[in-house]
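Engineer: Protein sequence lines correspond, in order, to chains A and B. Start counting the first sequence at 1; every next residue gets the next number (my numbering). Start counting the second sequence at 1; every next residue gets the next number (my numbering).
Just to be clear, a hint being listed does not mean it is correct.
The following label-pair restraints were derived from C-beta to C-beta distances [said to hold, decoys possible]:
1) A:Arg242 / B:Thr59: 23 to 29 Å
2) A:Arg199 / B:Thr10: 53 to 59 Å
3) A:Pro176 / B:Thr56: 25 to 31 Å
4) B:Gly114 / A:Leu137: 56 to 62 Å
5) A:Leu105 / B:Asp167: 37 to 43 Å
6) B:Arg126 / A:Trp222: 55 to 61 Å
7) A:Ile247 / B:Asp96: 18 to 24 Å
8) B:Ala183 / A:Cys234: 37 to 43 Å
9) A:Trp200 / B:Ser125: 52 to 58 Å
10) A:Ala92 / B:Ala183: 52 to 58 Å
11) A:Val18 / B:Gly204: 53 to 59 Å
12) A:Ile194 / B:Ser125: 40 to 46 Å
13) B:Glu77 / A:Leu29: 34 to 40 Å
14) B:Ala14 / A:Leu105: 28 to 34 Å
Simulated coverage check for chain A against chain B, where a stretch passes if three residues somewhere in it have a Cβ under 8 Å from a Cβ of chain B [said to hold, decoys possible]:
15) 3-10
16) 90-101
Keep in mind that the hints were calculated from the coordinates and are not lab data. All values derive from a computational prediction rather than experimental measurement. Ideal Cβ placement from N, Cα and C applies to all residues, glycine included.
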Amino acid sequence: MSLWKLEALRLWRTRRIVALAAIFIILGLGIPVLTHELPSLLKNSSGGVTIIAPPPTAATALHDFTSNASQIGTLVLVIVAAAGLALDANPALAAFYRSRTRSPLRLLLPRVIAVAVAGSICFAAGVICCWYQTDVLFGPLGVNALAAGFSLETTWIAFCVALTAFWAGLVRGVLPVAGMTIGSLLVVGFTGNIHPVARWLPTAMPASLDAFIGASHPGAPWRAVVVTVAAALCLLAIAGWRLQHRID
Amino acid sequence: MNAIGTHGLTKRYASVVALDDVGLAVPAGSLFGLVGPNGSGKTTLLETLAGLRRPTSGTVEWAGPPGGVAYCPDIAEFEPWLTAVEVLGVALALLDHPRAVQDQRAILDRVGLGDVADRHVGGFSRGMMTRLNIAAGLAGEPSVLLMDEPAAALDPAGRVEILDLIDSLTPATTVVISSHDLADVEAVCDHVGILAGGHLLYQGPLEQLIAQAARPRWRLIVRQPLGPTLDALRHAPWVTEVEAAARGQIEFSSDSPAVVEERLAALLATCDARVVSVTPVRPTFEQVFLALTAGLTTRERDVA
Numbered sequence: 001m002s003l004w005k006l007e008a009l010r011l012w013r014t015r016r017i018v019a020l021a022a023i024f025i026i027l028g029l030g031i032p033v034l035t036h037e038l039p040s041l042l043k044n045s046s047g048g049v050t051i052i053a054p055p056p057t058a059a060t061a062l063h064d065f066t067s068n069a070s071q072i073g074t075l076v077l078v079i080v081a082a083a084g085l086a087l088d089a090n091p092a093l094a095a096f097y098r099s100r101t102r103s104p105l106r107l108l109l110p111r112v113i114a115v116a117v118a119g120s121i122c123f124a125a126g127v128i129c130c131w132y133q134t135d136v137l138f139g140p141l142g143v144n145a146l147a148a149g150f151s152l153e154t155t156w157i158a159f160c161v162a163l164t165a166f167w168a169g170l171v172r173g174v175l176p177v178a179g180m181t182i183g184s185l186l187v188v189g190f191t192g193n194i195h196p197v198a199r200w201l202p203t204a205m206p207a208s209l210d211a212f213i214g215a216s217h218p219g220a221p222w223r224a225v226v227v228t229v230a231a232a233l234c235l236l237a238i239a240g241w242r243l244q245h246r247i248d
Numbered sequence: 001m002n003a004i005g006t007h008g009l010t011k012r013y014a015s016v017v018a019l020d021d022v023g024l025a026v027p028a029g030s031l032f033g034l035v036g037p038n039g040s041g042k043t044t045l046l047e048t049l050a051g052l053r054r055p056t057s058g059t060v061e062w063a064g065p066p067g068g069v070a071y072c073p074d075i076a077e078f079e080p081w082l083t084a085v086e087v088l089g090v091a092l093a094l095l096d097h098p099r100a101v102q103d104q105r106a107i108l109d110r111v112g113l114g115d116v117a118d119r120h121v122g123g124f125s126r127g128m129m130t131r132l133n134i135a136a137g138l139a140g141e142p143s144v145l146l147m148d149e150p151a152a153a154l155d156p157a158g159r160v161e162i163l164d165l166i167d168s169l170t171p172a173t174t175v176v177i178s179s180h181d182l183a184d185v186e187a188v189c190d191h192v193g194i195l196a197g198g199h200l201l202y203q204g205p206l207e208q209l210i211a212q213a214a215r216p217r218w219r220l221i222v223r224q225p226l227g228p229t230l231d232a233l234r235h236a237p238w239v240t241e242v243e244a245a246a247r248g249q250i251e252f253s254s255d256s257p258a259v260v261e262e263r264l265a266a267l268l269a270t271c272d273a274r275v276v277s278v279t280p281v282r283p284t285f286e287q288v289f290l291a292l293t294a295g296l297t298t299r300e301r302d303v304a
């Protein structure tokens with residue numbers, strides 16, 4: 001059995017991929033409906049108070065989907081990634097793996113790539129659901145722009161998984177790895193509010209999908225893409241080095 | 001020729017010295033038993049040999065191809081969602097040692113898991129996990145197999161079965177086992193190493209250890225009454241210890257087997273003893289072990 005098949009089995013048999021797919025698909029199916037029905041909901045629950053909201057559009061629906069997917073989806077992705085990447089969380093299991101290979105990179109890379117690919121596929125399923133619902137409820141969307149935005153979102157997913165791998169190289173347990181990763185993402189998120197550096201940070205990725213669809217088409221955030229890819233590679237290299245040298 | 005060994009191996013954890021200048025030499029093809037009190041450094045030594053711990057100083061030396069050393073930890077865990085045969089598949093993939101699935105099933109058969117080869121290991125008992133642990137160790141056809149307490153979790157029948165299996169691996173594979181059960185070690189091992197407080201007190205052939213370390217002792221069976229014979233032995237200057245053992249039996253020891261051979265017959269004749277038999281008593285490995293580690297404090301024995 002190859003180590004790639006092992007990781008595919010890990011995602012399938014532990015039902016982690018089901019959790020990932022469920023969250024993105026539920027968001028993809030539900031958010032456009034919620035956006036479409038929001039004016040009616042507000043009207044019926046306002047208790048006589050007049051609430052004026054802008055009319056929902058396809059761009060609004062997609063914006064709501066991406067903002068939810070990049071928060072709740074990222075949270076689930078990080079937990080799933082931490083569960084697979086915390087190589088030394090269970091010492092007895094770690095002994096099985098580590099006593100049979102001198103290079104933890106052989107263990108790390110299939111796990112990183114499997115989770116990143118699974119996250120991207122599940123996100124794609126969510127995007128397709130969202131696209132279908134939006135198309136039905138609001139009218140057609142630009143598929144090319146949607147695809148461009150999606151490819152940038154996968155860069156964000158890869159960065160999140162690499163960041164999880166980095167923390168797996170520094171701390172051992174699943175919860176500490178997930179906690180430190182989420183903490184780091186929050187720090188990156190806060191830093192993304194600082195205007196001069198916002199365009200350079202990975203946080204520019206999750207916002208890209210709805211920006212491509214919406215009227216405020218900003219063009220590809222190439223600086224952020226370069227920084228994100230470089231950061232992900234550096235994080236993976238550090239993770240590999242740390243896991244190699246972690247032996248007591 | 002040694003299959004695996006260490007030279008000046010020292011392992012420290014802050015102020016605790018787990019291994020102190022250990023020079024282990026495991027002969028190729030031997031079944032080597034590593035014994036010692038709790039906290040003596042057995043697991044640390046095995047894990048260092050397996051590359052799971054980095055020594056503070058000293059070296060591990062072994063003659064064989066990379067990946068030729070397999071390690072079976074005392075507490076085995078595998079991904080619970082894999083089947084037993086898939087666990088072996090993963091072990092082989094990690095070792096880059098492809099083998100046919102039927103060979104993997106044959107290994108599982110050999111350790112008594114043939115019937116559950118396709119069951120998820122999450123439902124395995126501790127004994128079954130121990131067997132799978134050994135199967136995973138054997139899968140890569142290692143030249144050296146390191147096993148930490150291999151029979152600890154098994155019932156008596158399983159214990160005998162696994163010890164027989166371990167015995168059958170030599171001399172093709174050099175096997176090092178650590179165990180608290182000295183009877184197990186005595187039953188299967190031809191060489192032993194005794195660790196205490198991180199020091200290697202003895203290593204070498206088991207028979208030689210028993211012959212060297214134990215004070216010569218004999219069992220004398222005489223017809224009743226025992227009194228005159230006991231008195232005569234107690235007053236003999238060449239006898240160091242005398243005790244009435246079971247009914248009609250006397251056990252005594254002496255520093256010199258040659259003197260016993262020379263003078264015992266005359267002594268028995270003077271007290272008109274009706275001698276049934278005189279036999280040398282072979283000490284058990286447990287007795288030798290306890291004699292060797294007698295100087296250790298209770299704390300040193302029990303530190304985990």
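Engineer: All hints are to be evaluated individually against the structure, with a verdict given for each.
Structural biologist: Hints, verified against the model:
Separation of Arg242 of chain A from Thr59 of chain B is about 25 Å and conforms to the stated range, judged on CB atoms against 23 to 29 Å. With their beta carbons about 55 Å apart, Arg199 of chain A and Thr10 of chain B fall inside the hinted range of 53 to 59 Å. At roughly 27 Å, the beta-carbon separation of Pro176 of chain A and Thr56 of chain B lies within the given 25 to 31 Å, and the hint holds. A C-beta distance of roughly 58 Å is found between Gly114 of chain B and Leu137 of chain A, which places it inside the suggested range of 56 to 62 Å.
In this structure, Leu105 of chain A and Asp167 of chain B meet the distance hint of 37 to 43 Å, their C-beta atoms being roughly 38 Å apart. At roughly 56 Å, the beta-carbon separation of Arg126 of chain B and Trp222 of chain A lies within the given 55 to 61 Å, and the hint holds. Checked against the hint of 18 to 24 Å, the pair Ile247 of chain A and Asp96 of chain B passes, with Cβ atoms roughly 20 Å apart. Separated by about 56 Å at the C-beta atoms, Ala183 of chain B and Cys234 of chain A break the suggested range of 37 to 43 Å.
For Trp200 of chain A and Ser125 of chain B, the Cβ-Cβ distance of about 56 Å falls inside the hinted range of 52 to 58 Å, so the restraint holds. Range check, Ala92 of chain A to Ala183 of chain B: about 27 Å between beta-carbon atoms, so the 52 to 58 Å window is missed. The hinted window of 53 to 59 Å between Val18 of chain A and Gly204 of chain B holds, with their beta carbons roughly 58 Å apart. A hinted range of 40 to 46 Å is violated for the C-beta pair Ile194 of chain A and Ser125 of chain B, which are about 57 Å apart.
Checked against the hint of 34 to 40 Å, the C-beta distance between Glu77 of chain B and Leu29 of chain A comes to roughly 39 Å, which is consistent with it. Range check, Ala14 of chain B to Leu105 of chain A: Cβ separation about 30 Å, and the 28 to 34 Å hint holds. With a cut-off of 8 Å between beta carbons, the segment 3-10 of chain A has 4 residues touching chain B; three or more are needed, and the interface restraint holds. Coverage of the segment 90-101 of chain A by chain B holds in this model, with 10 residues showing a Cβ closer than 8 Å to a Cβ of that chain against a need of three.
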